Structure formats: structure tokens, C-alpha cells
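Q: The residues making up each chain are set out below.
Protein chains: 2
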Amino acid sequence: MKMAYKTVKGGVCAPQGFLGAAVSCGVKNPKDRRTDLALIYSEHPCVSAGTFTTNRVKAAPVKVTQAHLRAQELRAIVANSGNANACTGVHGIEDARSMAKLIALPLGLKQREVGVCSTGVIGIPLPMDRITPGLALLPGHLNSKGGTEVAKAIMTSDTTIKEIAITASIGGQKVRIGACAKGAGMICPSMATMLCFVTTDANLSKTCLHKTILEAVEGSFNRICIDGDMSTNDTVLVLANGQAGGPRIARGSKACREFREALQHVLLKLAQSCVKDGERVRKFVTLEVRGASTYLDAKKVAEAVAKSALVKASWNGDDPNWGRIIHAIGYSRARIREELIDISYEDKPACEGGLMAKTPHKLLRDIAARDSFTITVNLHQGKADYTIYTTDLSPEYIDFNRSEYSYWKNSGLG
Amino acid sequence: MKMAYKTVKGGVCAPQGFLGAAVSCGVKNPKDRRTDLALIYSEHPCVSAGTFTTNRVKAAPVKVTQAHLRAQELRAIVANSGNANACTGVHGIEDARSMAKLIALPLGLKQREVGVCSTGVIGIPLPMDRITPGLALLPGHLNSKGGTEVAKAIMTSDTTIKEIAITASIGGQKVRIGACAKGAGMICPSMATMLCFVTTDANLSKTCLHKTILEAVEGSFNRICIDGDMSTNDTVLVLANGQAGGPRIARGSKACREFREALQHVLLKLAQSCVKDGERVRKFVTLEVRGASTYLDAKKVAEAVAKSALVKASWNGDDPNWGRIIHAIGYSRARIREELIDISYEDKPACEGGLMAKTPHKLLRDIAARDSFTITVNLHQGKADYTIYTTDLSPEYIDFNRSEYSYWKNSGLG
Numbered sequence: 001m002k003m004a005y006k007t008v009k010g011g012v013c014a015p016q017g018f019l020g021a022a023v024s025c026g027v028k029n030p031k032d033r034r035t036d037l038a039l040i041y042s043e044h045p046c047v048s049a050g051t052f053t054t055n056r057v058k059a060a061p062v063k064v065t066q067a068h069l070r071a072q073e074l075r076a077i078v079a080n081s082g083n084a085n086a087c088t089g090v091h092g093i094e095d096a097r098s099m100a101k102l103i104a105l106p107l108g109l110k111q112r113e114v115g116v117c118s119t120g121v122i123g124i125p126l127p128m129d130r131i132t133p134g135l136a137l138l139p140g141h142l143n144s145k146g147g148t149e150v151a152k153a154i155m156t157s158d159t160t161i162k163e164i165a166i167t168a169s170i171g172g173q174k175v176r177i178g179a180c181a182k183g184a185g186m187i188c189p190s191m192a193t194m195l196c197f198v199t200t201d202a203n204l205s206k207t208c209l210h211k212t213i214l215e216a217v218e219g220s221f222n223r224i225c226i227d228g229d230m231s232t233n234d235t236v237l238v239l240a241n242g243q244a245g246g247p248r249i250a251r252g253s254k255a256c257r258e259f260r261e262a263l264q265h266v267l268l269k270l271a272q273s274c275v276k277d278g279e280r281v282r283k284f285v286t287l288e289v290r291g292a293s294t295y296l297d298a299k300k301v302a303e304a305v306a307k308s309a310l311v312k313a314s315w316n317g318d319d320p321n322w323g324r325i326i327h328a329i330g331y332s333r334a335r336i337r338e339e340l341i342d343i344s345y346e347d348k349p350a351c352e353g354g355l356m357a358k359t360p361h362k363l364l365r366d367i368a369a370r371d372s373f374t375i376t377v378n379l380h381q382g383k384a385d386y387t388i389y390t391t392d393l394s395p396e397y398i399d400f401n402r403s404e405y406s407y408w409k410n411s412g413l414g
Numbered sequence: 001m002k003m004a005y006k007t008v009k010g011g012v013c014a015p016q017g018f019l020g021a022a023v024s025c026g027v028k029n030p031k032d033r034r035t036d037l038a039l040i041y042s043e044h045p046c047v048s049a050g051t052f053t054t055n056r057v058k059a060a061p062v063k064v065t066q067a068h069l070r071a072q073e074l075r076a077i078v079a080n081s082g083n084a085n086a087c088t089g090v091h092g093i094e095d096a097r098s099m100a101k102l103i104a105l106p107l108g109l110k111q112r113e114v115g116v117c118s119t120g121v122i123g124i125p126l127p128m129d130r131i132t133p134g135l136a137l138l139p140g141h142l143n144s145k146g147g148t149e150v151a152k153a154i155m156t157s158d159t160t161i162k163e164i165a166i167t168a169s170i171g172g173q174k175v176r177i178g179a180c181a182k183g184a185g186m187i188c189p190s191m192a193t194m195l196c197f198v199t200t201d202a203n204l205s206k207t208c209l210h211k212t213i214l215e216a217v218e219g220s221f222n223r224i225c226i227d228g229d230m231s232t233n234d235t236v237l238v239l240a241n242g243q244a245g246g247p248r249i250a251r252g253s254k255a256c257r258e259f260r261e262a263l264q265h266v267l268l269k270l271a272q273s274c275v276k277d278g279e280r281v282r283k284f285v286t287l288e289v290r291g292a293s294t295y296l297d298a299k300k301v302a303e304a305v306a307k308s309a310l311v312k313a314s315w316n317g318d319d320p321n322w323g324r325i326i327h328a329i330g331y332s333r334a335r336i337r338e339e340l341i342d343i344s345y346e347d348k349p350a351c352e353g354g355l356m357a358k359t360p361h362k363l364l365r366d367i368a369a370r371d372s373f374t375i376t377v378n379l380h381q382g383k384a385d386y387t388i389y390t391t392d393l394s395p396e397y398i399d400f401n402r403s404e405y406s407y408w409k410n411s412g413l414g
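Line by line, the protein sequences give chains A and B.
First residue of the first sequence? That's 1 in the numbering used here, and the numbers climb one at a time after it.
First residue of the second sequence? That's 1 in the numbering used here, and the numbers climb one at a time after it.
Calculated directly from the structure, the hints in this document are not laboratory data.
Given the structure is predicted, the values throughout are model-derived calculations rather than measurements.
Note that the Cβ used here is the ideal one computed from N, Cα and C, for glycine as well.
Warning: the hint list may mix true and false statements.
Said to hold, decoys possible - Cross-link-like lysine-lysine pairs, in silico, DSSO-like; alpha carbons within 30 Å at most:
| id | chain 1 | residue 1 | chain 2 | residue 2 |
| --- | --- | --- | --- | --- |
| 1 | B | 358 | A | 63 |
| 2 | A | 211 | A | 174 |
| 3 | A | 6 | A | 174 |
| 4 | A | 58 | B | 348 |
| 5 | A | 101 | A | 31 |
| 6 | B | 174 | B | 211 |
| 7 | B | 358 | A | 31 |
| 8 | B | 31 | A | 358 |
| 9 | B | 63 | A | 383 |
| 10 | B | 383 | A | 63 |
Claimed, not checked - Estimated spans, in silico, between C-beta atoms of each pair:
| id | chain 1 | residue 1 | chain 2 | residue 2 | range |
| --- | --- | --- | --- | --- | --- |
| 11 | A | 90 | B | 366 | 28 to 38 Å |
| 12 | A | 362 | B | 90 | 23 to 33 Å |
| 13 | B | 252 | A | 362 | 58 to 68 Å |
| 14 | B | 286 | A | 45 | 50 to 60 Å |
| 15 | B | 383 | A | 90 | 22 to 32 Å |
| 16 | A | 43 | B | 383 | 54 to 64 Å |
| 17 | B | 6 | A | 288 | 52 to 62 Å |
Stated by the list, open to error - Derived, one-sided and incomplete: chain A residues facing chain B with beta-carbon distance under 7 Å:
| id | residue |
| --- | --- |
| 18 | 87 |
| 19 | 356 |
| 20 | 393 |
Chain A extracted, bound-state conformation (with noise of 0.2 Å):
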């Protein structure tokens, strides 16, 4: 059974005991005023837990913040937006150490208490000597309303602020859990970052929140696919600093069951938002597959179709084009048989039994014509089921992502 969730105001900042901060210091662009620094510190200690792209260039930021996460104990997070910081050696390394360094320091922290997550450009040396005084004035504009703030700063062209806050009865205590995220592959050319950090004043436990976090993307920002390319940067954060009081929530109990709930909520909220927000996205397409032999199979067939360029082209063209469909299914490597799929848009079927269903075409192109729609895919092979949540490819886009020329003129390498 689902919860119902109240949603409040303040998004990482709505747990108790949750400060941000942003700050400009011309990483974007030095010619303008957007914010592009963050923090999020919790004034009482937290546990934490996080999951890192599985692209095997890795930032160097997610290098040392998987560094810093191992005893599961950040209390704060700084980011900056512009610059990935990948693809810069050990000397990116040392400016990453440098960010959670700095931010430590006037905070009284360790080090390793202190998350560093970059977003922006790869290949070209963090600039220091711009992000250093930026980060001396972050801990000064620490407030408890600054949620949105931090939302705002990790923006890179992403076109609306995403965050969420919730309330949650979590083993019969009354929790708080904000989030902010920032958009993935579609919206920024190789600024194909997606962050997403979590504040939630509930009591977990390390090997609850550890868990919880993993199942939870899983089931969130796992089931999105835009371009169907993978950055160097994706990071998900998540700090519980335990202020909403109540016993210690254990692995495997009732109450950490429920804290996975509200946590995939907030995420799955999240996660359609990136997608919705894909610049120059015209669709938002609902993937259902099922009736297949195994989970396996039914991501493979969901993510074949969701990332083909040909049915990604047809949707943004309002054409209901089920052959595209049943190709991709063919090649997707999953177990199934031709004469058994069924594909319908909405509640209308376009193809049953692997051949064209008697629907009137005009019927079918009015659904995909919507700006948002569902597909469902019956293999009718065996139960299991998945989700995807994805859109078109627009010639816009392909235009968008020609070229970073501009990027390269303002950083002056050009």
C-alpha cells in the first residue's frame, strides 16, 4: 500500500537542524551573478550514505567523497556548479580535498565529515583561485531558510528549481526528509551531472540508511533515462542527523521498511523532474513493461526501447509507432517471442500478438500527440515487471548539445 505524504516548505533545510548556503564565485560565468556554490551542513552529527555514478571515469570529487563516506559520518556537503572536475588528475584530487578542507575548517569538522560533489565541464582544472574566497564566505550565509538557495546554485541549465520536502510517520515518529536535485544527461552538454542530496532529521541507523538509499535509487533516479549516457559526476547524498527523536531505526525493522518508502517517494518526485525538465524534451513517457521471465529481462527490454534513437525520434514526432517499439524489444537481448507481445498506448492497444491491433491509427495519435503518455509492453512471458520514465529526442536537442564553443570562449581556452 502507498502513503500519502505531506509535503512542507524548505527542502534540504525542512529536517530540524539543517542549514544552507550559496554563494557566486564566477565558476558558471565570471561575467555574471549565479549562485554555482552550496552547502548543506547539519549543526548535529549525522550518518550518512550515498551512491556515485558507475561510470568508470569517475570525478574526482566522487573519488573523495566515496573516500570520505566510509564511515558513513558527513555532516556537510559543498558543491559547485560549472566545472566537473574530471578528467583533472591528482591535482584535481587536491583541489577536491582542498573544497572539504576549506568548508571543515571554520566549521570545526574533519575532513572527512564534509561531502564534495561537482557539476559542469570535464576535462578542465577546477579555478581555484575563484572557488577558494567563495568558499571563506559560504559558512557565513548558513541559514535555516536557505534550502532553496542551495537548489538554485547547483542548477546548470536546468530550467526549474527541483526540491521536496515531506513529512513521514516513520515507526510512529513524525519525520522530516528534503531533497534538491539537479537535472542528468539530456540537460547539459558533458555537464551531464545529476546531484541529489537528502537531509532527514529521522534516527537511522547506519546499516538502515545504507540500504534504504541503495533500494531507493533503485527504484528512482535508476528508472530515468534521457540520452541513455551515464556521467562521470552522478552523486546521491544523504545525511540523518536523528533530531526528530525516537528509538534508533535498525536494518530490516518495520520502521526502516517505512523510512524506504518515504525516501523512494521523494526521489521518484525528484527523478521525474529531471526528466520532465530535459531542455527541449517535448514528452514525458511512462514505460511500463510486463510479463516478463525475469526482472533482468524486463530492464533490458525498457531501457532498449527508452534509449532508441528511432522511437525517441517518433515521439517527438506524435507518431505511435509500435514496429520502432517491437524492433528495439527484439534486439534488446531479453527472452521473448514475437507472436506473444502486446504493446498498447493508454488503454489502446497497438499491437496484439505481434501484429497490428484493430485501434484506429487516428485513436493512437491522438494519445501520443499528449504531452505525457503511457506505453505498456506485455511480453506475457512470465511476472516480473519495470518501470521506466523517459522522453523524446528533438532536433532541438541535438542542436543544444552541438557544441560547448561558448563554454570554451567564457573559460577563455577557446
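Dock chain B against the given chain A, drawing on the hints supplied.
A: Leaving out everything else, chain B in the frame of chain A:
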């Protein structure tokens, strides 16, 4: 050592004893007279071999031709364009069998001596009322100069005729190989079909021909990547009638290797023509992966880079964006060490040891602005290499593939 081959005229009719024919039967578009039905016929018995799409959704003609090919004695190929006869159920199988039968009868062949191919839209029954009269006309049009007519009739939105014929010295004997093809994925919406027909007068054993075609396709058509979509209908067929004389060439012999090399030369030329004719394509990119641990790793890296929408968009924009390339390498699942990776555009390093190289950005941009260039990735992990031939992804490609509505209108189903 690479052999030099002499190019000759005539396409699939260049080898001795092969005839070709094409007629228009209104499957492409009832309103115009473009040819859309083709026949290749050998005056003498042949040995034959083929390779087919690995898509688990296979078109009816693929299934029928696979069955006919079992004895390796195809002597004729009949092909239509405009309709793929895919996802058409048992009726589709019957229609494909009818096509073979209606050609076999007047030519005095067994049904299983005729290969059948279709290319076009998926999921719509083959209009046999138009195809049957066309089939009746075809044999009467057979002639020894029909090669180019065949190559034209299988085109859909291809803009160039793709045919080639060469002479080669195989086991000391002068033989001819002729071939024609129609292009791949990008060229055509849902009509995502690559067809390639090869004829030769070489005197080959069945086992030599079978092994040879698999190897030659692996070194040619499997090395091209336009949009990452794999069709339901892809087919390569080779007919060898032995009219050049000389002893029969056995598998494992020097002559068999010589033939494989000549065949691969022919297929690679056609494969590259398909890539270059990708409509709305601006760039022909040769991507060489070197120094991988294994052949499979080299292939994984090449395919990840060649399929990345972000990498392809950057090529479209003349942007020498090595950051996107390294991030695709990172998610390719190949064994890599970021700090060993070199990436260069022609002979100019863009990335050395995972870091930005010192080559001025302007120099790299000048190379990326060319119509055709080579990118070399060296992983410095081992000795395995893999080369892939690929293209940019253009806004016009997406626009072109947005809708098949015009097709639906023409077919009277819209």
C-alpha cells in the same frame, strides 16, 4: 598485406552467368513509377551462404530465407522495397513463401533455390495484389546488364546507388565479385533495413563460402554504426556459381583466405557507402580503438562511443569534445584505467593520460570541422584493436525520423 583489386562495371551482374531485373509494382508508392521489385538470377547452379539480423523479432522473409538457405543452394534472390513484411504473422510467412514460389516456377527452380528479402515499413501486410503481377513480369526483364537496376530497386530513401564489382586473383584464377546494398538504420524510419546481395563466379565449396561470409561481415557491416538500432530485416546473401573455373576452393585453403579478403574489401566499401549515405549526416568518422585488453573490450569501447547521442551531437557541431568520448569509454564496461587513456583527432592529441593535452583547441576544432576524420583512442591496456565507421547525429535526422505519417497516408491506413 592488403591486396589491390581492379574495379569493374556491372554490379551483381559483373560475374559471369548472373542476370538482373527490376520492375515497379507500386509498393513504395502507388502514385509513382519507382522500381521496387528486383530479381538476381544465376544461369547455373550455385553454392550460397548468408548472414541475418540477430534481432529476435525477425521479418517473415528472413525466416523463410534462413530455411531455404539450409541446403546452401540459392540460385535466385527476389526482393521488394517499401514494405518489410515484418510483424505480419503467419500471413507474412505465406506471403514470403509465395514470392519465392512465383519466381521459382517460371525459372524452373525449386522454391528453396530462391531467397526472399523485403525492406520497408514494419507491421503492415505485404500488398500481394500489387506484388503478384510484378513478380510475373520480373523473369521477362532478366538481362546481363541489370545490376544497377537491381541496386536501384532496393533503395528506399537512399540517395546514392550502392554497388561495386571487382576482379581478383583467387588461387591463381581470375574471378569476379559483384555486390549491391541498401543502407542502414539512419537512412530510413522503421525501414531500418540493410540488404546486401553478392554474386561471384568463383568456384567455392559450401564450407569455405559459409565461413568466409561470416568473417567478412564481421570485418565490414558489423563495423558500422549509424544510430545504434538493429533492424528486423538485415540480410547479406552471397551466390557463387563457379563459372570462373579452376579447382573448387576448400575451407582453410590459401585461396579461401584470398577470397575472404576480396569479399571483405567489397563489403567494407559497401558498408562505408551506407554510412556516408546516412541521410542528414554531416560527418563520416573513423573511430580506431587501440591497446585494449581484449578484442571484446576494444569493441565495447568503440560501440559505446559510436552510439553516444552526446558524442554524435558534438561531431555534428564540429566540437572536438574528448570529455564526452572519455565519459562514454567509462561506461562501456571495458577494462580501462582513466589515467592511461589517450585520445587524438587525426595526429593531434586531445587527451593524454586522461588529461587535456596541450594541442591548441583551434587545431582540434579545424579537424572536427572536416567532413571526414579519424579519432584514435588508445587505452594502453593491451594489444587488441577495433575500428568502427560511424556518423554524427543531426537535428535533421531526428526531424526526418519524427513521423511516418506520410507513409500511413499513402497506404490508406492513416
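Q: Run every hint past the structure and note whether it holds.
A: Hint check results:
1. Restraint check for residue 358 of chain B and residue 63 of chain A: the C-alpha separation of about 25 Å stays at or below 30 Å, so the hint holds.
2. Among the hinted pairs, residue 211 of chain A with residue 174 of chain A is consistent with the structure: their alpha-carbon atoms are about 21 Å apart, no more than 30 Å.
3. Proximity of residue 6 of chain A to residue 174 of chain A is assessed by CA-CA distance (about 11 Å); at most 30 Å being required, the pair is judged to hold.
4. Using a Cα cut-off of 30 Å, the hinted pair residue 58 of chain A and residue 348 of chain B holds, with the two alpha carbons roughly 25 Å apart.
5. Of the supplied pair hints, the one linking residue 101 of chain A and residue 31 of chain A holds, its CA atoms being roughly 28 Å apart against a limit of 30 Å.
6. Between residue 174 of chain B and residue 211 of chain B, the direct Cα distance comes to roughly 21 Å. Compliance with the 30 Å bound is thereby established for this hinted pair.
7. Between residue 358 of chain B and residue 31 of chain A the CA atoms are separated by roughly 26 Å; this keeps the pair inside 30 Å, and the hint holds.
8. For the given pair, residue 31 of chain B sits about 26 Å from residue 358 of chain A by alpha-carbon distance, which is consistent with the 30 Å threshold.
9. Restraint check for residue 63 of chain B and residue 383 of chain A: the C-alpha separation of about 29 Å stays at or below 30 Å, so the hint holds.
10. With a C-alpha separation of about 29 Å, the suggested pairing of residue 383 of chain B with residue 63 of chain A holds against the 30 Å cut-off.
11. Between residue 90 of chain A and residue 366 of chain B the beta carbons are some 31 Å apart, a value that agrees with the proposed interval 28 to 38 Å.
12. One distance hint, 23 to 33 Å for the beta-carbon pair residue 362 of chain A and residue 90 of chain B, holds here, with the actual separation near 28 Å.
13. For residue 252 of chain B paired with residue 362 of chain A, a C-beta distance near 60 Å keeps the hint of 58 to 68 Å intact.
14. Our hint of 50 to 60 Å for residue 286 of chain B and residue 45 of chain A holds, since their Cβ atoms are close to 56 Å apart.
15. For the pair residue 383 of chain B and residue 90 of chain A, the beta carbons lie near 28 Å from each other, so the given range of 22 to 32 Å is met.
16. Range check, residue 43 of chain A to residue 383 of chain B: about 57 Å between beta-carbon atoms, so the 54 to 64 Å window is met.
17. At roughly 57 Å, the beta-carbon separation of residue 6 of chain B and residue 288 of chain A lies within the given 52 to 62 Å, and the hint holds.
18. The interface hint given for residue 87 of chain A holds, since its Cβ lies 6 Å from the closest Cβ of chain B, which is under the 7 Å cut-off.
19. Nearest Cβ of chain B to the Cβ of residue 356 of chain A: about 5 Å, under the 7 Å cut. The hint holds.
20. The interface hint given for residue 393 of chain A holds, since its Cβ lies 6 Å from the closest Cβ of chain B, which is under the 7 Å cut-off.
In summary, the structure agrees with every hint in the numbered list given earlier.
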